[in-house]
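Trainee: Sequence:
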Amino acid sequence: MAYNRQPQTVLAGMALKQNPPPNVVQPAGIIPVTLDVEIATTTSPGVVQVGSGLSITPGGILSATGGSSLINVKLTSVDYTATAADYYIGATKKDIDITLPLGVVGKVYVVKNQVSGSIKVKATGGQKIDTSSDVTLGTNNSIVVVFDGSRWNVIE
1 MAYNRQPQTV
11 LAGMALKQNP
21 PPNVVQPAGI
31 IPVTLDVEIA
41 TTTSPGVVQV
51 GSGLSITPGG
61 ILSATGGSSL
71 INVKLTSVDY
81 TATAADYYIG
91 ATKKDIDITL
101 PLGVVGKVYV
111 VKNQVSGSIK
121 VKATGGQKID
131 TSSDVTLGTN
141 NSIVVVFDGS
151 RWNVIE
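When the letters of the sequence shown are read in order and numbered with our numbering, they come out as residues 1 to 156.
Keep in mind that the hints are not guaranteed to be accurate.
Stated by the list, open to error - FRET-style restraints, in silico, Cβ to Cβ:
1. THR124 <-> ASP95: 15 to 21 angstroms
2. THR99 <-> ASP148: 17 to 23 angstroms
3. LEU70 <-> ASP95: 27 to 33 angstroms
4. ALA85 <-> LYS128: 21 to 27 angstroms
Claimed, not checked - When the alpha-carbon atoms are kept at most 25 angstroms apart in a straight line, the in silico PhoX-like pairs for lysine-lysine are as follows:
5. LYS120 <-> LYS93
6. LYS120 <-> LYS107
7. LYS107 <-> LYS74
8. LYS112 <-> LYS93
9. LYS74 <-> LYS122
10. LYS74 <-> LYS112
11. LYS128 <-> LYS112
12. LYS122 <-> LYS112
13. LYS112 <-> LYS94
14. LYS122 <-> LYS94
15. LYS107 <-> LYS128
16. LYS74 <-> LYS128
17. LYS94 <-> LYS120
18. LYS128 <-> LYS94
19. LYS94 <-> LYS74
20. LYS122 <-> LYS107
21. LYS120 <-> LYS74
22. LYS122 <-> LYS93
23. LYS74 <-> LYS93
For the record, the hints were derived by calculation from the structure and aren't laboratory data. Glycine is no exception: its CB is placed at the ideal position from the N, C-alpha and C atoms.
Hey, can you work out the whole structure from these sequences and the hints?
Mentor: Following this line, the structure appears as structure tokens:
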């Protein structure tokens, strides 16, 4: 059995509409209801694609779909301040500083010293990395940090 439904156009102010409308009297028991989708598309029977990269299964499970599994990698040989787009930052020269930006809850950075010698990972704006304003990474060492709303927490 083939199933094909064309994507619906997303318009400002549009939402899911119940069909039949809730004011229609139905007999007691199970009431069959369908939703006219204005903000989503159906990718297969019972699976609703919501926006770009999210889907809802018939069991109500929201999952990420499609997209890329690649992460943003930045290699630097000079002092560098991380951006919101960065994930992995590799230092390719010793004695440089990698500065974390003001934290956003849930943001994760991986910083690795890829050379012999040491580098410094610094917090900014009075924020801390655990309880310090900076952390020194020795040869080939790395740090993974996540922001919890008040500070950068080392998780590895």
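Trainee: A separate judgement is required for each hint: does it hold in the structure or not?
Mentor: Evaluation of the provided hints:
no.: 1; hint: THR124 <-> ASP95: 15 to 21 angstroms; result: 19 angstroms, holds
no.: 2; hint: THR99 <-> ASP148: 17 to 23 angstroms; result: 19 angstroms, holds
no.: 3; hint: LEU70 <-> ASP95: 27 to 33 angstroms; result: 30 angstroms, holds
no.: 4; hint: ALA85 <-> LYS128: 21 to 27 angstroms; result: 23 angstroms, holds
no.: 5; hint: LYS120 <-> LYS93; result: 11 angstroms, holds
no.: 6; hint: LYS120 <-> LYS107; result: 19 angstroms, holds
no.: 7; hint: LYS107 <-> LYS74; result: 16 angstroms, holds
no.: 8; hint: LYS112 <-> LYS93; result: 11 angstroms, holds
no.: 9; hint: LYS74 <-> LYS122; result: 17 angstroms, holds
no.: 10; hint: LYS74 <-> LYS112; result: 11 angstroms, holds
no.: 11; hint: LYS128 <-> LYS112; result: 18 angstroms, holds
no.: 12; hint: LYS122 <-> LYS112; result: 13 angstroms, holds
no.: 13; hint: LYS112 <-> LYS94; result: 11 angstroms, holds
no.: 14; hint: LYS122 <-> LYS94; result: 15 angstroms, holds
no.: 15; hint: LYS107 <-> LYS128; result: 14 angstroms, holds
no.: 16; hint: LYS74 <-> LYS128; result: 22 angstroms, holds
no.: 17; hint: LYS94 <-> LYS120; result: 9 angstroms, holds
no.: 18; hint: LYS128 <-> LYS94; result: 23 angstroms, holds
no.: 19; hint: LYS94 <-> LYS74; result: 16 angstroms, holds
no.: 20; hint: LYS122 <-> LYS107; result: 16 angstroms, holds
no.: 21; hint: LYS120 <-> LYS74; result: 16 angstroms, holds
no.: 22; hint: LYS122 <-> LYS93; result: 16 angstroms, holds
no.: 23; hint: LYS74 <-> LYS93; result: 13 angstroms, holds
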